[in-house]
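Could you slot chain B onto chain A? The hints should help.
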Amino acid sequence: MKAVVYLTAGDEIAAWRQAGVGEVILAPRELSRRGTLTLAQARELARQASAAGLRPLLEWDALMEGPRLRACLPLVSEAHADFAALRVRDAGAALWARDNTSLPLQLLLEAGHHNLPALESWRARLGSRLERFCLSPELTLHTLGLWRSQMPVPFEVLGLGPLLLFHSPRALLSPLSGAAASTREEQWAEGASEESPHKGFLLSENAHGTLMFHPKDLGVLDRWTALAGSGVDVVRIDHRREEPHAVAAIAEFLGAPADATALRARWGRDWMRGYLDVNKSDVLFERLKNDHLAYSEHNCGEVLEGKRESWLAVRVTGEIRLGETLELVNPKGERRPLKLAWLKDDAFQPVTILADGQVGFVPWEAAAPTKTRLRRCP
Amino acid sequence: MHLPELLAPAGGLEKLKTSVRYGADAVYLAGQEYGLRAAADNFTPDELREGIAFAHAHGARAYVVLNGFLHDEDLVGLPAFVRLLKELAVDAVIVSDPGVALVVREHGPLPLHVSTQASVLNTAAALAWKELGAVRVVLGREVTVEEAGRIQREAGIEVEMFVHGAMCMAYSGHCVISNFTQGRDSNRGGCAHSCRFSYEIDLGSGEKTSSHFMSSKDLEGLAVLPRFVQTGIVSLKVEGRMKSPLYAATTTRVYRMALDHWKEHGRWDNAPWDVWQEELRRLPHRDATTASLLAPAGADSIHDQRDDLKAEWGMAGTVLSASPERGILLECRQTFTRTARLEALPFRGPAIRLQTVEMCGPDYKALEKSRPSSLLRLPWSEGVAAGQIVRVALA
Chain A
1 MKAVVYLTAG DEIAAWRQAG VGEVILAPRE LSRRGTLTLA QARELARQAS
51 AAGLRPLLEW DALMEGPRLR ACLPLVSEAH ADFAALRVRD AGAALWARDN
101 TSLPLQLLLE AGHHNLPALE SWRARLGSRL ERFCLSPELT LHTLGLWRSQ
151 MPVPFEVLGL GPLLLFHSPR ALLSPLSGAA ASTREEQWAE GASEESPHKG
201 FLLSENAHGT LMFHPKDLGV LDRWTALAGS GVDVVRIDHR REEPHAVAAI
251 AEFLGAPADA TALRARWGRD WMRGYLDVNK SDVLFERLKN DHLAYSEHNC
301 GEVLEGKRES WLAVRVTGEI RLGETLELVN PKGERRPLKL AWLKDDAFQP
351 VTILADGQVG FVPWEAAAPT KTRLRRCP
Chain B
1001 MHLPELLAPA GGLEKLKTSV RYGADAVYLA GQEYGLRAAA DNFTPDELRE
1051 GIAFAHAHGA RAYVVLNGFL HDEDLVGLPA FVRLLKELAV DAVIVSDPGV
1101 ALVVREHGPL PLHVSTQASV LNTAAALAWK ELGAVRVVLG REVTVEEAGR
1151 IQREAGIEVE MFVHGAMCMA YSGHCVISNF TQGRDSNRGG CAHSCRFSYE
1201 IDLGSGEKTS SHFMSSKDLE GLAVLPRFVQ TGIVSLKVEG RMKSPLYAAT
1251 TTRVYRMALD HWKEHGRWDN APWDVWQEEL RRLPHRDATT ASLLAPAGAD
1301 SIHDQRDDLK AEWGMAGTVL SASPERGILL ECRQTFTRTA RLEALPFRGP
1351 AIRLQTVEMC GPDYKALEKS RPSSLLRLPW SEGVAAGQIV RVALA
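Top line first, the protein sequences correspond to chains A and B. Everything in the first sequence is counted per our numbering, starting at 1 for the first residue and increasing by one. Everything in the second sequence is counted per our numbering, starting at 1001 for the first residue and increasing by one.
Just chain B, same shape as in the assembly:
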């Protein structure tokens, strides 16, 4: 049975390398323009070159997003950028606008994937994009897995679906709240996340109620993996280019383990679902939903509460180097003390507990606590390697 591609987010070079190291089959990333995450680090041309080369050297594919709703003036530099992507041997570009698709066809060509922003919801829409040269559609999050399989068969086009991450409550590309209330084009990267706000709602009865009625729970499709595999969905996408390297590492690692379990065993009944799910829930998260993967999302998919993400663990840092002789050199992201519980996430296998009692600075002077944006030395632990992400239990 076909194993879906695991497609992970790469909001910057560090996150790209993290996703690839933790087992992504492919990553999606953006240049400095043309995408939907203006505030993400994104990639300079040189970083694109490095990132795409890194992905390819590790057997992963790299897709570049050009999925903003671009205006004429945005298209001026696009041909040159497309030619650069062609030169860098990017594996596909992700578009949501037929005009952008034309530019890519003319100045690439490059394989075209259609972004979820285009709200492809049915076979006819997939065929419409196929007519424009698309080889893959990222379906709207409103489509069930069963229907996605039907679209893939009937349209003869690859189907990609979101499997994990935050969700738009609106049909993607059909929300302009930021545009008309904050002067920020949500479909060119300026989304202000107004859907996460609290609103006072007057239902007409005179009684007013306060609610986060437009906020969606986060998608968690882990338990739906058997259905994805059975249906033959080509690619499973993890949302989250704006999120931390810890998120990239954890989600990629868990879904990689799950897909590899299927590859190895060919069955799911002996899969450690609870362990995988617990790992995912250690990340900062909203309540989880399968949204419309199995049936159209109902009232239980609404995250009617303040947008304070629950988290049991945070990102401690990234391992810069590790050896038995020199110990572990960690680039720290937050403050923790010698009594903190730290775990390194190996690229494969269970988490590794790190010793913090003897932590010291890069010049080997003892430290009582770490600081964000500082370097830290820890004693060597077997299995720890450069590039691994270290997490810290939050009190």
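So here's chain A without its partners, still in its complex pose:
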């Protein structure tokens, strides 16, 4: 398993090379949502990296509405020859790059793409131009391993760095500071929720809008062996929010990646594992539903209201007849028989049948609140 890192200045090249890094990411602010380099600086650094034997990767991860995209296409056309591969997020940008450049493509699929057919779809469309999938931090090690055994395209995951939670195109910090919306320079802030225990969110505003990061960095490098064993090909390390000494710490770690203790101690922010071991972020949904009120082919009505010792008002969903015995199933799942000793229509007049769609009245029964189902006994 290899590591890919960001290149933010020329003096990092020697350290990355010495650490055995083969690829570096260049993030120009015109194209990258966290980019700080100008495109000219990125191209110059790419040339230096190439000369030092590193593969320079151009990051084009900003989402772009039409006018911004059109403005960027000539920039990418002109600059792409300086790079060894293009990292792209927008579906349209990916297909444009396929059709208008000859670069290998590293597809940034960190939002969604949580099923193998989604990856297959991209593989079919990008063919041999597809060099790598950069996958979501919501995937577990188990899933990564399962997929990699069936997918011939290499995988990259975030190994260490800020975990992006939120990206809005709107400028949300400058209105607070009274400054003009950022067009070039990044503005950083820290946020603490006043309605939940979460504090220490990193916030950034730049020309691409506003980004919010988790209070802890995603850090799974202490699982290096497991990641490698699952078939992950590349881990990404993002040191751009760290102090300059982080470069040396990362280089040291990459020399002996089995132990991340020292790197963790020297990293400026706490680490969290996210969903690497287990993802149960859908378990809540089951509890949002009441199975007792679920559809049944035997349902024939629903209680709208009850008057104690007198009547239940019902909306009929399947014809009911005087004299038959139904079952009441309340929201708690309690069941009681209901003998239709009398029936009344919506004008409270006695009838012998209530048809599908009618509102009417049946004898009262205890523990039959609103939403209780009437069921025909199977």
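Please note: incorrect hints may appear among the correct ones.
Derived SDA-like pairs: lysine to any residue, alpha-carbon spacing no greater than 20 Å straight-line [to be verified]: (1) K280/A - L1075/B; (2) K216/A - P197/A; (3) K280/A - E1073/B; (4) K2/A - A258/A; (5) K371/A - E334/A; (6) K1208/B - G178/A; (7) K371/A - L1320/B; (8) K1086/B - L1075/B; (9) K1365/B - K216/A; (10) K2/A - D222/A.
Simulated from the structure, these hints should not be mistaken for lab results.
Chain B alone, transformed into the frame defined by chain A:
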């Protein structure tokens, strides 16, 4: 000139029927899984059958959302669900994941619409989805109407845009705050609405400020309708499957009236904009914005205040039956007294004032006040019919 489709929310069967009765050209709804509103009533298979049949019987189309970011395990039951939708003659499915699109193609096929969750923002992205078989894209809310028209022309694909309702502040599908702070997958229906929270922000100067800086005002595109029509946008979508039948009725009714005005008159200068806008603002709402419909949303689109929705009117109930002989039987949603101001919303035309002085229970015993989840009888008023929504003025 082309009249856009009016696409209304259907969070449950009652809301579907309400949207259709009030004039929606199409409704969007979800089954029990695969969508983004896990807490909505949503539709059982039987309700899907009934709802889609109801829509078709009234000349409306029904689109089913499958727009969650689905994991492998979610796909297990999807082929059977797609086959059911095919059998029910659903008019399209709305997807955001290319893997789901493949399953729909293989097991339907059904017309594919691309959800706003996919953040289609430019012509190239629309073409990428067209390559996957999509016939329509629901553009990201960051796209202007002008740019949307360009995408529709250049990509040769139908374009749908949100015209009204609550908005994500983030690029749709690019917010996982709930996932990593509350363990709830926002892109499979578990959004905890963290963007509506108050945050203490330290801008680095040492001074901290309290702000709802991530909360967006609600989209109100009523005044932009002339631009939508002129640009030829195929479909206009109202957000709000989780909202009340009163919301479904009011928004559908107002936008229907506005589009019908254009159809009838072919001009907008004589349109009663103030009346329509006042109707919309009677619903519980945040402050309104046109967001990015005309130009990229600015600082004035931020709803920097507690998320207490303003409301002049609430939902009183739904008319179950109405006739001159038997009066009006109302399924009540909240408490009000004999002095309350009640109005029925007819499917067409102005609101109808209801008499409450003689209100009584279903057994004709006089009542001083209503109760939620109870039935109520009111005297007959001309124009009131079953299925109409009744609103009550809030004190």
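Item to check | Hint check against the structure, violated hint numbers in rising order | outcome: 9
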